[in-house]
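Undergrad: Read off the chains here:
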Amino acid sequence: MNRTRLIFFAVVILALVIVGISFLVQQLSGNIPSPTAQPIQVRIVCALPVEPWVQDAAQKFNAEKHTQDGRTIVVTVTPMDSVTALGKWDRGEFDPVPTVWIPDSRYLVELVNATYSAKLGRDVFLTDGEYRARPLVTSLFSWGIYQSRYDKLVAKFGEVDWKAVHDAATAKGGWPDLGGQSAWGYFKLIVPNPRKNAAGLLAMVSAAGEYYDKTTISTEDVTNPQFQKWLKELMDSVTDFSSLSSYTVEDLGLFGYSVGDGGQLLESDLLVNMQGIQTRWVEPLHIVYPKYLTWFDFPFTPWMGPETSASEKNAALQFEKFLLSTPIQSDAAARGFRPANTQVSISGSDSLFVKWKNQGAEAIVTRTARMHSPDRDTLQALLRWFDLNVAK
Amino acid sequence: MRNQRNPAFNLANGCALFAVLAVVLGMAAILCGIITVASVVRTPAGTPAPTQASIDLAYSPEKDALMQDIVARFNKSNFKTPSGLPMKINATKMDAGDMVEAARAGKFTAVSPDSSLWLAQIDAGRDTPLVGESTRFAVTPVVVAMWSDVAQSLGYPQKPIGWQDLLTQVKNDPNFKWSHPSSTTASGLLATLAEFYAGAGKTRNLTEDDLQNRATLDYVAALEKTVRYYGEGEQATIDQVLAKGRGYLDAFVVSERMVIYFNGKSSQKLVAIYPAEGTLWQDHPLALLEQPGLTDAQRLTYRRFRDFLLSSEIQKLVLQSGYRPVDLNMRLDDPASPIAKANGVDPAQPQTTLQMPSAAILDKVQSSWYLSKRPANIYLVVDTSGSMADQDKLKQAQDALSTFLDQVQGDRDRVGLVPFATTVYGVMPPKEIGAQRATLKNQVGRLAANGRTALLDAVSFAYDDLQQRNERDRINALVVMTDGVENASSIGLNELTQKVKRGNQSGVPVVIFCIGYGSDADFDVLNALANATGGFARRADPETIQKLYKTMSTYF
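Chains as they are written, first to last, in my numbering: chain A, 1 to 392; chain B, 1 to 556.
It should be emphasised that the hints constitute simulated quantities derived from the structure, not laboratory data.
Just so you know, even glycine gets a beta-carbon here, dropped at the ideal spot from N, CA and C.
Keep in mind that the hints are not guaranteed to be accurate.
What the hints assert, rightly or not - Capping the alpha-carbon separation at 30 Å, the derived lysine-lysine pairs in DSSO-like fashion look like this: (1) A:K172 to B:K202; (2) A:K232 to B:K364; (3) B:K159 to A:K172.
Claimed, not checked - Sample of chain B residues lacking proximity to chain A, with all beta carbon distances greater than 12 Å (derived): (4) K171; (5) K177; (6) K225; (7) L317; (8) Q409.
Work out the full structure: start from the sequences and follow the hints.
TA: Structural data, given as structure tokens:
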């Protein structure tokens, strides 16, 4: 063998050794999976009311090691209020872009689509087809009022609605004028800050509906000075818009009737906190369903932009299916939500709806008039009004 | 002719080849190692691996014992991130003002002040919020703590007592002593807000016009005029009341939890008055700060700690400490619960709260308080004896005095200076701080260490001057600092303390606060002077003197 050949073989052997050592070291290190074995990440930005439920479901799902195209699916859930998320979508601030958004309501999805349609000429969330936004659970907005205060309001006004609450809020002498005790002070309304919590925006929409006695409100309606004066009087009875709480029912529970006699709040939050509130304040809440119903439907909404691969979308769909499965939907029902899966009942003896029936909870709500989602301009007008007149 | 190879040449050639091969293989192995190591220390996404999972947490002083216990339990639990990094909390006690400042300067990754009011201040004026995820783990209402017989004389428990009743009481009884902390603390700010509401005759919709209304300002000023002095916070107030008994104060604003704490340690009993017009709550948030460089591992540690705070084990601890836990299923009326009438508090209270105004109105409340609060006459009595030259003590003291002068914000507050060594010299009589701040700072900067220590003569001089001024509507106080032992005065300690006690009874009450600076300071003498007037003495060294002077400034 001449010297040239020797060198040639040496180089070949050397190359093989390098590849071999690299392979061995990487395998032995065990830290770095090969690219094909990397898990598929499904990153979910999730509305706060359902986040604990989705988070628990994600843990179960991850533990079961579901796969897509031979790769393990890993679901991570980031809690974020829908109004905050809406702003991030609008400003393109998500980095990385979530695979899925679970907002409070479908109308928020439509608002993001409206923004992106103007920019890209197409929707970024689908409303039909395989990847469409699908509701996971529903929760109605209902009045939750401390029983002693509820009894006085009913005695005074006959029923509890936005007009009665407005009159209570503007009673000059406070509770003594309404038949209540002077120690209760003034009537105090609980409304979440609409800049921090979409429920606050929906409360204003609901109030507008009852003010005009109609289910569809427009920009013209919410910019009417008479209505704005009426709404301001209502909002002036809110004790704290700076609160930290993600869930306003938490305020009602932690600080009791001292900060709020009641408010129009998410039914699931009311049901799940009812026992705790009664334990803490030795008085239950009374639930009343409003004349015009509004609700959150928490749609599972995959992002259709180029940042999400087909594998990620399909992995997301697997998790969506998991969330809609009977055991996970039953878990949602135990947390006071109305399941999207119709096979899961909320009328059983262990249901929160049944448990709190005497406090006004209804598994089947007899009032069926639905408040329609206002368009983007109307919502923006309400938010602007809030910024200038209440939050300043 | 066939080329005959030289065996020696072949051997040499083979050896050379082997050597080349060995070198190349060695280099390849090194290269391979570098590649592998480089790939191991990078995450799959290509970003540097997190190396930091500990959280630096600042918390408010009044929950010191509770937080230390919680943090110790957490750190002992050996929680780890999925990548194996230990989750640790490094906790530092800090008052609200310093906490806000430090958070904005990037010094902490999480904060737990006594109220979420301070979170808004951390974010004030920032384009991007620093405060990220947050939760609450304990709440407690702000109350007026009173001795039970004092409360009964006002109609407790049959009649609801409000701010108006307190005002009537202090007007009718000039000897009635009450206080609330400075508005730089949550309970102080909440107390001030309550006064403005009461002055405006409202419990909601406080406006800028209300804050500028003469009648409202007069009401608040009348109430504030009766405040004995302010203070650094509720824990310090309670400690003073515990140490000095009921002669120290008749009523003071603290959280409900402090009433329970006091009643657990004293045979004398306080009761919590929940003002009839409404009160406010301390809500003890825990918030993550989105500081630049915050790692995912730190975020996980924050969440683990948050869950730990909300766990049943810690929520029980929270209740045992006298706070109301956020776990609503924990019964406040449980026989083991300290939130009980036997401890002077009522779990069914408060019945109503005041409306929390916007951040802009709160700012104006704070500014208006400086105009309405009880003004002060303060003498800074400063030791400049020769020993102050040691260990850079004088320089540190000068910086600390300068900080004190910056901290005194009320334009009507008057500050004077009494430097002393072998004798009192270079006295600057008290003048409105706004007009005198620069001159005072200049004078402080020119102090030089020399001579002996005429501490008692200096105190006597400053005390006499305040008595002669005879300004009863003001807080009259001496802030005395010395690093040594009295060795040059003409007046003795007994004579001086007797004079002070007599003077405080017949003339203007003057409070003496003392700082024993360094290990050689005669703390017994300082304690005697402070105790004779209801003040207190504290120790400091060159590292802590600045903070202590800053703390002292909250009393005025």
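Undergrad: Run every hint past the structure and note whether it holds.
TA: Okay, the hints, checked on the actual structure:
| no. | hint | result |
| --- | --- | --- |
| 1 | A:K172 to B:K202 | holds (11 Å) |
| 2 | A:K232 to B:K364 | holds (22 Å) |
| 3 | B:K159 to A:K172 | holds (23 Å) |
| 4 | K171 | holds (24 Å) |
| 5 | K177 | holds (28 Å) |
| 6 | K225 | holds (28 Å) |
| 7 | L317 | holds (18 Å) |
| 8 | Q409 | holds (24 Å) |
Checked against the numbered hints listed earlier, the structure breaks none of them; every hint is satisfied.
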